[in-house]
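Asks: Each chain, written out:
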Amino acid sequence: MKNKTKKKMLFLDIWNIEDQEAWFSDMASQGWKLHGIGKVTATFEKDVPKEVKYRCDIFEKKENKDQIEFYHEAGWEFVDSWENIHIFREKNENVDIEEIHTDPVEHADRLSILKSTIKRNAILILICSVLIIMLNISLINRNSLSNYLNDSFVIPLVVIIFYIYIVFLMFNGLFHLSSRIRKLKSGSLLENKGNYRGKILRRKLILSSFLVIFLLLISSVFTNITHSTTDIPNPSIPDQELPILQMEDYKKSSQEYEPIFHEFDDKNRTNYYLENSSILVPKQYELQQNVKVAGVHWEDGVEAYTPNLRSYGYVIRKDWLAKNFMNNLLKEKEDIYYVTFKEEMESPFDELWISKGSHSTQQAFVARLKNTVYYVEYFGMKDIEYIIEQKAEKVIN
Amino acid sequence: METQGPPMSEAMYYVLLALSNPLHGYGVMDKVKKLSNGRVKMGPGTLYGILKRLQQQNFIFLEDADGRRKVYQMTVTGEEALKEEYLRLSKMVNDGKFLFDMGGSHEE
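Residue numbers (this note's numbering), protein chains in the order written: chain A, 6 to 402; chain B, 3 to 110.
Accuracy of the hints is not assured; some may be wrong.
To be verified - Straight line, CA to CA, 30 Å or less: simulated BS3-like cross-link-like pairs of lysine-lysine:
#1 Lys188(A) to Lys54(B)
#2 Lys70(A) to Lys35(B)
#3 Lys9(A) to Lys38(A)
#4 Lys190(A) to Lys43(B)
#5 Lys43(B) to Lys58(A)
#6 Lys35(B) to Lys66(A)
#7 Lys124(A) to Lys44(A)
#8 Lys43(B) to Lys188(A)
#9 Lys96(A) to Lys43(B)
#10 Lys72(B) to Lys58(A)
#11 Lys58(A) to Lys36(B)
#12 Lys375(A) to Lys328(A)
The hints are simulated quantities; they were obtained by calculation from the structure and are not laboratory data.
The model shown is predicted, which means the values in this text are computed figures rather than measured ones.
All chains should be modelled from the sequences, with the hints used to inform the complete structure.
Replies: Written out as C-alpha cells, the structure is:
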C-alpha cells in the first residue's frame with residue numbers, strides 16, 4: 006500500500022534551519038511526515054498527527070554514514086539531506102532524548118561550515134546578478150526612445166528588481182546565520198523556535214507577483230508581435246483638426262491637395278494618422294501626409310509638386326522626462342539622418358531645435374512646450390521657419 | 003617537561019575519562035552521563051565533533067574491533083593529556099580549599 010504524499014515548495018531559506026525545523030514539526034502535527042527533500046520541494050507522507058521534533062545538522066557528506074548511524078543510536082532518525090544540511094527527527098516521540106547539539110561552541114563550528122558554503126554561493130550569485138543587472142541597465146540605456154514609446158524598459162526593470170531581491174535574500178541569510186553563530190559563541194544554545202508563518206506567506210506573495218508580472222509581460226510581448234505582423238492598414242486621416250501640425254494648418258485655402266496613395270502599399274504608409282499610448286508617454290500622435298498640389302511644380306518647373314509632412318506629438322508624464330526624451334529624440338534623428346539640429350534661442354517654445362537638412366527642401370524641427378514634445382519633418386518648398394510659426398500659433402493659442 | 007596547550011573543555015575531559023576502556027560512539031555518551039551522575043549530558047552531534055577533534059589531536063584512535071562496529075581507544079598521548087588535566091583540576095580545587103573545605107572529609 007502506498008501512502009498518500011504531497012509536495013510542497015521550499016519557500017523558506019533552506020539555511021534558516023530553525024524555521025525549517027519548526028515547519029517540519031508543524032507539518033507532522035498536522036499529520037504530514039517529512040519523507041524527503043529535493044532541490045526546491047519537500048515531500049510529505051500522510052501519517053497520524055504527531056508532535057515530533059525535527060533537527061537539521063550540518064556536516065560534510067563524506068562522514069555521513071558513520072555519523073548518521075551514531076545519531077540513530079542516540080535516538081535521531083535520518084530523513085534526508087540537502088547538500089551539507091542533514092535532517093533528523095526523533096525516532097520515538099515519547100522517549101526523552103538529548104538534543105543533537107548540547108555545546109553551543111561546537112554547534113557554532115557546525116554552522117560556520119554552512120556559512121562558508123553560503124558565502125561561496127553568495128559570491129557566485131552576486132557576480133552573476135551584477136552581470137545580469139548591468140546587461141539590463143545597458144538594454145534600458147540603448148532603447149532610450151523605445152523606453153518612452155513602447156515601454157521597453159519594463160522587462161529589464163523587472164529583471165533588475167528580481168535579481169536585486171535574490172541578492173538581498175542571499176545576504177539576509179548570511180546575516181541571519183552570522184547572528185546565530187555569534188549567539189552560540191557567546192555560550193547560549195539556540196531556542197529551536199522558528200517563526201516562519203509570516204515568512205512563507207510573504208515569500209509566496211512576492212514570488213507569485215513576480216511570476217504574474219513576468220507572465221503578463223511575456224504575453225504582452227507576444228500580442229505585440231502578432232499585432233505588428235498582421236496586415237491592418239494604418240487608419241486614414243480623420244476630417245477634423247488634429248492635436249499636431251498638419252498640412253491644413255499652413256496651406257493656402259485656394260490650393261488643392263490631393264493625397265497620394267501607392268498602388269502596392271497595403272498598410273497605407275503614405276497618408277495616415279495614429280494615436281498610441283505608453284506608461285511614460287500616455288498620449289502619442291503620429292501623422293503622415295503625402296500630397297500632390299494641383300497646378301504647382303517643383304523649382305525645376307517640370308515635376309508636379311508633391312510635398313511631404315511627418316508630424317509627431319508626445320505628451321510625457323513629467324517636464325524633466327520630456328527634456329530627456331527630447332534629447333534622446335534629437336540624438337536618434339541625428340544618428341539616423343546624418344543631420345545636425347541647432348538650437349533656436351528665440352522661440353515661443355521652451356526649447357526649439359531646427360535642422361535644415363542636407364537638401365534645402367528637407368527640413369525638420371523638434372520643439373518642447375512644458376511636457377509636450379513635437380517633432381516635424383517637412384519636405385517641400387516652404388521655409389521651416391514659416392511652418393514653425395504656424396505650429397506655434399496652433400499649440401500656444 | 004611538556005606543557006600542554008589550552009586547558010581542556012569539560013566535555014573533552016569527560017570523553018577521555020569515559021574512554022579509559024575502549025567504547026563505541028554511543029557507549030561514550032552513556033558512560034559520560036553515568037560518570038558525571040547525569041550532570042554532563044552530551045548530544046550525538048556535540049560528541050561526534052569532540053571525538054573528531056580528539057582524533058585530530060591524536061588523543062584517541064578508531065579501531066575496528068568486533069568487525070562492523072568501530073571502537074574508540076585512548077592513545078598514550080591522550081592518557082598523558084588526561085592525567086595532566088586531572089592534576090591541573092585538582093590543583094585548582096586544592097587552591098580553593100582554604101575557603102570552602104572546613105575540615106571536611108574529602109578523598110583524593
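Asks: Please list, smallest to largest, the hint numbers that this structure does not respect.
Replies: none
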